[in-house]
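Those sequence lines, one after another, are chains U and A.
Heads up: the first sequence at position 195 corresponds to 196 in our numbering, and the numbers run straight through without jumps.
Heads up: the second sequence at position 208 corresponds to 341 in our numbering, and the numbers run straight through without jumps.
No lab work stands behind these hints: they were computed from the structure.
Among these hints, one or two may not hold up.
[Unchecked claim] Below are the EDC-like pairs computed for lysine to aspartate or glutamate, each with C-alpha atoms no more than 16 Å apart in a straight line:
no., chain 1, residue 1, chain 2, residue 2
1, U, K244, A, E616
2, A, K724, A, E734
3, U, K277, A, E167
4, U, K277, A, E164
5, U, K41, U, E81
6, U, K277, A, E734
Letter by letter, the chains look like this.
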Amino acid sequence: MKQQTQEIREELERRLAAGGCATRKELVELKLEYLGKGGKISALSKGMRDVPPEERPEAGRLLGELRGWAEEQFDTREQEFKRLELAAKVAGERIDVTMPAKFSAGGSVHPVTLVRRELEEIFSGMGFNIYEGPEIERDYYNFQALNIPADHPARDMQDTFFVGGEYLLRSQTSSGQIRVMEKQAPPIKILSPGRVYRSDSDATHSPMFHQMEGLVVDKNITLCDLKGILDEFARRMFTAETKTRFRPSYFPFTEPSVEVDLSCKNCGGKGCRICKGTGWIEVLGAGMVNRKVLANCGIDPDVYTGFAFGIGLERIAMIKYGIGDIRLLFENDVRFLRQFRD
Amino acid sequence: MKVPLSWLKDYVDVEIPVEELAQKLFSCGLEVEELVYVGQEIDRCVVGRIEKIVPHPDSDHLQICSLNCGAHGESIQIVTGAHNIAEGDLVPVALDGSSLHGGVKIKKGKLRGVESCGMLCSGEELGINGDLYDGADVNGILILHGDLVPGSDIKPVVGLDDYVLDIAVTANRSDCQSVYGIAREVAALLGKPLKPLALDYTPLSFSTADEVSVTVEAPDLCPRYIAHYVAELNNAPTPLWMRRRLALCGLRSIRNVVDITNFVLLEMGQPMHAFDLSHVAGKQIIVRRAKAGEKIVTLDEKEFTLTPENLVICDAEKPVALAGIMGGLNSEIEAETRGVLFECAKFERANVRRTSRALGQKSDSSARYEKGVDSYTTGIAINRALRLVQELGCGKIARDRFDVNAEETKPIVVETSVSAINALLGIEVPKEEIKRILTSLNFSVTSRGDALTVTAPAYREDIEGYPDIAEEVIRMYGYDRIEGTFLKNASSTMGGLTDAQKLEARAGSALRRQGYSEAITYSFISPRDYALLRIADEAKKAIRIVNPIGEDMSLMRTTLVPSLLDSAVRNVRRGNDAGRLYEFANIYLAKELPVTEQPEERRTLGIAVWGGAENFFTAKGAFEAFAAELGLQFSYAPAERPYLHPGKCAAVLLNGKEIGVLGELAPDLAEELSVEVPLYLGELDYAAAAEQADAAVHYVPLPAFPEVRRDLALLAEESVSCAEVEKVIAESCKYVTAVHLFDVYRGAQIGEGKKSMAFTVTFTPREKAISPEDADGYVRRIVKALGEKLGLSQR
Chain U
2 MKQQTQEIRE ELERRLAAGG CATRKELVEL KLEYLGKGGK ISALSKGMRD VPPEERPEAG
62 RLLGELRGWA EEQFDTREQE FKRLELAAKV AGERIDVTMP AKFSAGGSVH PVTLVRRELE
122 EIFSGMGFNI YEGPEIERDY YNFQALNIPA DHPARDMQDT FFVGGEYLLR SQTSSGQIRV
182 MEKQAPPIKI LSPGRVYRSD SDATHSPMFH QMEGLVVDKN ITLCDLKGIL DEFARRMFTA
242 ETKTRFRPSY FPFTEPSVEV DLSCKNCGGK GCRICKGTGW IEVLGAGMVN RKVLANCGID
302 PDVYTGFAFG IGLERIAMIK YGIGDIRLLF ENDVRFLRQF RD
Chain A
134 MKVPLSWLKD YVDVEIPVEE LAQKLFSCGL EVEELVYVGQ EIDRCVVGRI EKIVPHPDSD
194 HLQICSLNCG AHGESIQIVT GAHNIAEGDL VPVALDGSSL HGGVKIKKGK LRGVESCGML
254 CSGEELGING DLYDGADVNG ILILHGDLVP GSDIKPVVGL DDYVLDIAVT ANRSDCQSVY
314 GIAREVAALL GKPLKPLALD YTPLSFSTAD EVSVTVEAPD LCPRYIAHYV AELNNAPTPL
374 WMRRRLALCG LRSIRNVVDI TNFVLLEMGQ PMHAFDLSHV AGKQIIVRRA KAGEKIVTLD
434 EKEFTLTPEN LVICDAEKPV ALAGIMGGLN SEIEAETRGV LFECAKFERA NVRRTSRALG
494 QKSDSSARYE KGVDSYTTGI AINRALRLVQ ELGCGKIARD RFDVNAEETK PIVVETSVSA
554 INALLGIEVP KEEIKRILTS LNFSVTSRGD ALTVTAPAYR EDIEGYPDIA EEVIRMYGYD
614 RIEGTFLKNA SSTMGGLTDA QKLEARAGSA LRRQGYSEAI TYSFISPRDY ALLRIADEAK
674 KAIRIVNPIG EDMSLMRTTL VPSLLDSAVR NVRRGNDAGR LYEFANIYLA KELPVTEQPE
734 ERRTLGIAVW GGAENFFTAK GAFEAFAAEL GLQFSYAPAE RPYLHPGKCA AVLLNGKEIG
794 VLGELAPDLA EELSVEVPLY LGELDYAAAA EQADAAVHYV PLPAFPEVRR DLALLAEESV
854 SCAEVEKVIA ESCKYVTAVH LFDVYRGAQI GEGKKSMAFT VTFTPREKAI SPEDADGYVR
914 RIVKALGEKL GLSQR
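For reference, chain U alone in the conformation it holds in the complex (with noise of 0.2 Å):
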């Protein structure tokens, strides 16, 4: 049995040398002529018999050893095989991974809602509530109670839209003001925002545009106050080395009244074409809250004093953009709105 076993092994390790089997089929072919139920090494099994008893231990143990090395070989080659086959099947896999991707591009946001959505984060952080008022609006909220009376010179100042009766567009965001001091005491730290309109188109005016209304009404509230949160705006809004300036101006509804500039932030200051060589940039009106107006609202102004102020976010967008024609605006070419990711 030695002697069989002995030479099985020798004549399968000849085959199976180098050459021997050159394809996985032969490998599987030459397995069953050794392994398979007919195979030489079942053959030597059922011989088996014809071996002495006391021998068959030690015939049993080597038959088991050939069948236990044969498989490993023939295991050992299979897995050759496999892995030459998967290496030849994935070098066929290449890509040209610089071909384009597939994904579903998201939309975008509005350019005058991403500057309405900085202005409620950074606003929204130092206290101040969002209050939205109608649009339709009466006189009294845009103009009267605003120290703005029938036939007033500052009426000129916002060409008006009517729809009959006491009611209009409003012109302004102010409007908001009252409504909201007409209903809450001090303190009161609002933001107004929304569309306003006026009788006025070209490249800078459209007839809708929106407008941001800030109101803060509490005691002891001071002109440097309003000055410091315009400065925080134009830092967050623009970039930390905006700076805002104050010039006086006038408007019914605030006294003092400021026109607040924006150092350009397309010179640094210097002066070029954007800011008319001026280096400042006229962005928004302010001012303290007029103590009629404050009186119009059941406001003692005696103790009481605010500032307001009124922000264009079109025209914001327009400086942050680099927007030309505020009509782009309002054209909705997909082009154009989709440079503005959310």
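Starting from the known structure of chain U, arrange chain A on it as the hints suggest.
Chain A only, in chain U's frame:
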């Protein structure tokens, strides 16, 4: 408002460069919008003396001149076509390389073979007329007069060496609408004395009352009316100095008396008028409301029909002037006018404004009255006019005048304190500084400790309270001294968005995740937009703007559809062949028309989707994504809209109530608009959706046993809808948690009018696992129910 620097210098010494002056005015609230050097166009143009004139050898009309231009050349040869010149004349010479009015450049050249080293100039070529320089209107070369040095710059000679400051005056500062008003500010800014106006004159012995009577019947609209008679008016020419100032401010000289009224208007901001008394019937001046239907023809020959809203100046018979706006043609000053009545009045500003608007008639006068003219100035401007009459020697001045309602106006006194002013400003302006600033602005100030009593100058009718005083202080002290503080004394408040505001932000975000871009469209649309969508009747419900920019923007929209369609179509026309737009905006719903109570502004969502890859179901995805974000379940039912495809249109339902619509643009409308890609429109009542929204997160534990899925292929009549099948499936077994249609097949094997629908049904176990046998049982039950209720069979 235009202010010539030379005029300003009559009243205050300006020793700083004009640019610096403009900067100072800007920082105190008077923005110089434009600073114009009057001679800015003229360069290298000098005085030249014609030494010699000889005829041109090859021309009948040209002459060759030799000019002495001093340092620029003592014998400069210039060829000219003009003939109003003589040897010895002083003329303006444009040298080689010079610039003239209108950007004309002069270069050395040859005229018919003879070299010409420049040009002799006419007044027009220098951009001047007879009001700026006597003789400048002459057709030909401007002959200069006086003793001039050849070679000297022409600009000072012809009055072009001057600046005009165009200043924007805010609506509250009516006192600054004049040269003298600006001079007052400049004096305060520069710390220089303000020179007084010359107001004195020598009256004669006759009385105005002998010539005319004056009655003010509408004192509410005419708080002060001064009338002063000037006799024996002559036609003395207006002197150059006056004409020149009028010209620099853009006014032409007309005749002496009219020029004086215009001069006073510019110098003092007080509009004046002069009537030819010979045309004033009954020697009466009556200031009254117009009678309904009364007519007047103004100086510019426009006729107006009046109402009692309009204030007029009348004689015994008829209106002779539209108060504060313009005189009547019937009492115009003419060459023959001898007796003149000067009017210097204060008219109520709101009324002037109303009348001016209503009639569409404006003037320099009405512009000033609209902003307000103060009674103090009214009282002294008449003196200034009479003084000018005397200076010009153009008439004889009556000894007295009518001054109706000339009651002393009470000075405005503000009781305040240094601490109150500084509390508003937030900085500490020293008391002495406050007093100095206010005094420089002609306020009188008395103080007692912290307390201040401030009396405003008579011309400052805008001063109301201590904040006005604080503003005067800070605009002079300098806004750059305001240091930012961060609400250092204010109470803390909680800020942030309300839940409703956050919900809308989330809804928008859900749409953007579906690839939608946010659009913003105008709130007003056109009646034609409604007609285009064949819902013309809807337009009748829309709120109409009384004074729209145009018919295209005349209606407050009651639907977002037209606006989004318009945006989509514009995109398609520009070659943007696919896109998804959404907008959250209000629609405007009147409770009744015309509007008498607050209309409803209803938050609405609109979408427009177009492109080759889009279909009804991709569009529907927007509403489903929206519903999912808000925790809502929408259902859809076939519907019709005149502007949508009748077979591809759905009503969107929330709890059985219709809250929106979605569909494909009607094919014929698409053709009309030349839209060749599929285009879908949707609109949703956001307010109604938001009301029911449940945006909170409701966590459900994961199932303890695996879910079981079964696919069902069902044969159905064409009329059976997916929703019906889903409903029956869901109702037939309590373990069904999802029903998803994944295929619809139509074909010959199935038969005409039928379709095969393939669903995946998900069963979610509860107490115990679902075995394959259990699932088979549920499927049998479902199929049975589908057969009974909808006539479906399993394939």
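Problem set entry | Violations among the numbered hints | 5 and 6
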